[in-house]
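There are 2 protein chains.
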Amino acid sequence: MMDMKINPIGLIHTPFTTKDACPMQPLYSSSAIGQVEIFKEYENGLKDIETFSNIYLLYLFDRASEIEMVRKTFLDDEPHGIYASRHPCRPNSIGMSIVRLISRENNILIVEGVDMLDKTPLIDIKPYIPKFDLIESATEGWTAGKNWRPKPAGRE
Amino acid sequence: MMDMKINPIGLIHTPFTTKDACPMQPLYSSSAIGQVEIFKEYENGLKDIETFSNIYLLYLFDRASEIEMVRKTFLDDEPHGIYASRHPCRPNSIGMSIVRLISRENNILIVEGVDMLDKTPLIDIKPYIPKFDLIESATEGWTAGKNWRPKPAGRE
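Protein chains in written order, with our numbering: chain A, 1 to 156; chain B, 1 to 156.
Extracted from the complex, chain A is given alone in its bound form (with noise of 0.2 angstroms):
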């Protein structure tokens, strides 16, 4: 089976120093401002993202603890399979936002509604296109009727 090493192309610059500082899921819970820096060896890969208003970012949960295949996450406390759940803590510790995107200053997104740790490593760039990604008709799932809630203190 093959494997793949990751290379990050990047760093995410946000507020937050703690695990307890971070919002969960951005546009839903985030009107915190971050910086995107891309490295400059893939600034050119940037061309015309200004033109979209909303892209996802995969980044790395560098600092996530151990794994769990089912565990309690941020929105009950019923354990749900890593697979349901957008927890950090999952195999492979890949992360995915959505955030809003401000403007660009060549090699830096000014980008709002980021929920991860200050100087997490970007992976990718997408962009949000609303025929792909704005789906009327997907369902909430078990989330349903769950509302985000203020994290215990030691809760990861």
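Honestly, I wouldn't trust all of these hints.
Same chains, same label: a pair holds when it works inside one copy or across any pair of copies.
Simulated crosslink set (EDC-like; lysine to aspartate or glutamate; CA at most 16 angstroms straight-line) [what the hints assert, rightly or not]:
1. K5 <-> D62
2. K5 <-> D118
3. K47 <-> D77
4. K19 <-> E66
5. K72 <-> D118
6. K47 <-> E78
7. K119 <-> E68
8. K47 <-> E68
Simulated from the structure, these hints should not be mistaken for lab results.
With chain A fixed as given, assemble chain B onto it according to the hints.
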């Protein structure tokens, strides 16, 4: 700078054995049925996934060609930055598609709307959660008014 090794957690079985046969972005252009096989050691992580109608598949473009930071896409002949596009030939080779979850049979998910090559290595699954992912205000960027078109022979 850290780097990280990605290990596939499964395989995506689709009807598409050549790049020319692949549609572009699922729910938009494909009603093809696929089987997402999750390796047995990760099966527990699927608990409650069947409560969602749509899921993100993250996978490796394991048969992608040379990376170009600015290139033409499947939507038009203007060159766009790779981060303003979903093109497969990109740094870190991670693909993302939203598919409709039809059913689950133990470690196999039956899904509709696959657009990747047969036996594509799966690296993560995340639920599509409307309150995070359904962004009514998102603009179409440079893709506005563009439609998918058949790939000319030899295009990748």
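Here is what the structure says about each hint:
1. Taking the shortest Cα distances, K5 and D62 sit within 16 angstroms of each other both inside one copy (14 angstroms) and across copies (12 angstroms).
2. Taking the closest pair of Cα atoms, K5 and D118 never come within 16 angstroms of each other, the shortest separation being 23 angstroms inside a single copy and 22 angstroms across copies.
3. For the identical chains of this complex, K47 and D77 are inter-copy neighbours only, at 14 angstroms across copies versus 43 angstroms inside a copy, given an alpha-carbon limit of 16 angstroms.
4. In the homo-oligomer, the alpha carbons of K19 and E66 lie at most 16 angstroms apart inside one protomer (14 angstroms), although the nearest pairing across protomers, at 38 angstroms, exceeds that limit.
5. In this assembly of identical chains, the alpha carbons of K72 and D118 never lie at most 16 angstroms apart, being 24 angstroms within a copy and 34 angstroms across copies at closest.
6. For the identical chains of this complex, K47 and E78 are inter-copy neighbours only, at 11 angstroms across copies versus 44 angstroms inside a copy, given an alpha-carbon limit of 16 angstroms.
7. Taking the shortest alpha-carbon separations for K119 and E68, neither the intra-copy value of 25 angstroms nor the inter-copy value of 26 angstroms comes in at or below 16 angstroms.
8. For a Cα distance limit of 16 angstroms, the shortest separation of K47 from E68 across copies, 12 angstroms, qualifies, whereas the shortest one inside one copy, 39 angstroms, does not.
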